[in-house]
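K.L.:
Quick note on numbering: the sequence shown equals residues 1 to 277 in the UniProt record's numbering.
Calculated directly from the structure, the hints in this document are not laboratory data.
A couple of the hints might just be wrong.
[Claimed, not checked] Listed below are the simulated DSS-like cross-link pairs for lysine-lysine, each with C-alpha atoms no more than 25 Å apart in a straight line: (1) K195 / K173; (2) K108 / K72; (3) K72 / K35.
[To be verified] Simulated restraints, written as ranges between beta carbons of each label pair: (4) S206 / A116: 17 to 27 Å; (5) S121 / Q15: 34 to 44 Å; (6) E92 / K192: 40 to 50 Å; (7) D199 / T139: 16 to 26 Å; (8) A211 / E52: 45 to 55 Å; (9) N93 / S41: 22 to 32 Å; (10) A70 / A211: 40 to 50 Å; (11) E186 / D148: 14 to 24 Å; (12) E193 / E52: 12 to 22 Å; (13) I179 / E114: 36 to 46 Å.
Every residue, glycine too, gets a C-beta built ideally from N, C-alpha and C.
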Amino acid sequence: MDRIVGDDIASGIRQVVHQLLTLASDPDSQQIMAKQPEFISGLVNYMSDDDEEVRLMAARALEFLSTNPANKSILVNHPGLVEKMKGMADSENEHARAISRRTLYNVKQYLNEEDAAFVQSHPSNTTEVVKQQETVVKTYTFTVENLDNSAISDSLQSSIIQTPGVTSVTLEKHKKRIIVTMRQIEGEDKEKELKDIIDRVLASHSVSAAAIEDNSGFVDDIFTNEEEGDQAVACYGFSSIESRLEQKKKEKEQKQKKEKKIGWLFGKVSNAMSKWW
1 MDRIVGDDIA SGIRQVVHQL LTLASDPDSQ QIMAKQPEFI SGLVNYMSDD
51 DEEVRLMAAR ALEFLSTNPA NKSILVNHPG LVEKMKGMAD SENEHARAIS
101 RRTLYNVKQY LNEEDAAFVQ SHPSNTTEVV KQQETVVKTY TFTVENLDNS
151 AISDSLQSSI IQTPGVTSVT LEKHKKRIIV TMRQIEGEDK EKELKDIIDR
201 VLASHSVSAA AIEDNSGFVD DIFTNEEEGD QAVACYGFSS IESRLEQKKK
251 EKEQKQKKEK KIGWLFGKVS NAMSKWW
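All chains should be built: construct the whole structure from the sequences, respecting the hints.
P.N.:
Here it is, written out as structure tokens:
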């Protein structure tokens, strides 16, 4: 009975952190999320969880938040966050090291002298400020055997979620299908990279390689930076003031709908956190 309860708690925590990661990866919710101290505190606490997958997802969520200029000082000033990231910077797990070092690099201009020196001595692969680029959210689907084997499914989830840009991994065991949602630069080919990761895990369990499904790689959404003045014309191709105003009206309506949905998601995650945290 204790084992069942323990498994339920672990599963519940993973779901909560996964929802936080999904919210943090959305540019429209990042600033709102950072202004909710309980979410940041939750992520910082989850970075000490016994489950490595939970620790990585929590750190990744904070990394997403650190890319938003409005969030940088908030994150740096949140109790314990910088120390947790510094502690992960020397982790034996290469993904943990990379995530923590990129996060600290993102906020380095807000760090005190001691922490800034730490970042200097623990460089990330980032050699220059990352410019905002048009990104897309793509969904990839793979056919995989033996997903009902918990050892295989757990290994797959853990390996895939550590891949930069991945925001969700869904295993449909009865359909022998893995669905991976990833935020990536437009034009990048991530399908082969994901398949290689899956195949390596399967090979370690002596299972045949995965197959890419026909509808894999479709675009879920496109995210572009908001530009001002002449850049707005160049970016959106408006042909007249009327069409620009109409486009802005539609964008405002879409933003309001999204904010309403984000508010609902925040409430849902907050309730889940109070249960599992």
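K.L.:
Compare the structure with each hint and give your call.
P.N.:
Hints versus structure:
As the CA atoms of K195 and K173 are separated by approximately 17 Å, the hinted pair is consistent with the 25 Å bound. Restraint check for K108 and K72: the C-alpha separation of about 9 Å stays at or below 25 Å, so the hint holds. Between the alpha carbons of K72 and K35 the distance comes to roughly 11 Å, so the proposed pair stays at or under 25 Å and holds. Taking the beta carbon of each, S206 and A116 are about 48 Å apart, not inside 17 to 27 Å as hinted.
Separated by about 37 Å at the C-beta atoms, S121 and Q15 satisfy the suggested range of 34 to 44 Å. About 27 Å separates the C-beta atoms of E92 and K192, a value inconsistent with the hinted range of 40 to 50 Å. The hint said 16 to 26 Å for the Cβ distance between D199 and T139, and at roughly 19 Å that hint holds. Here the CB-CB span from A211 to E52 is close to 28 Å, at odds with the stated 45 to 55 Å.
Between N93 and S41 the Cβ separation comes to about 23 Å, which falls inside the hinted range of 22 to 32 Å. Look at A70 against A211: about 43 Å separates their beta carbons, and that is inside 40 to 50 Å. Separated by about 36 Å at the C-beta atoms, E186 and D148 break the suggested range of 14 to 24 Å. At about 21 Å, the CB distance of E193 to E52 agrees with the hint of 12 to 22 Å.
A C-beta distance of roughly 44 Å is found between I179 and E114, which places it inside the suggested range of 36 to 46 Å.
Hint check: violations occur at hints 4, 6, 8, 11; the rest are consistent with the structure.
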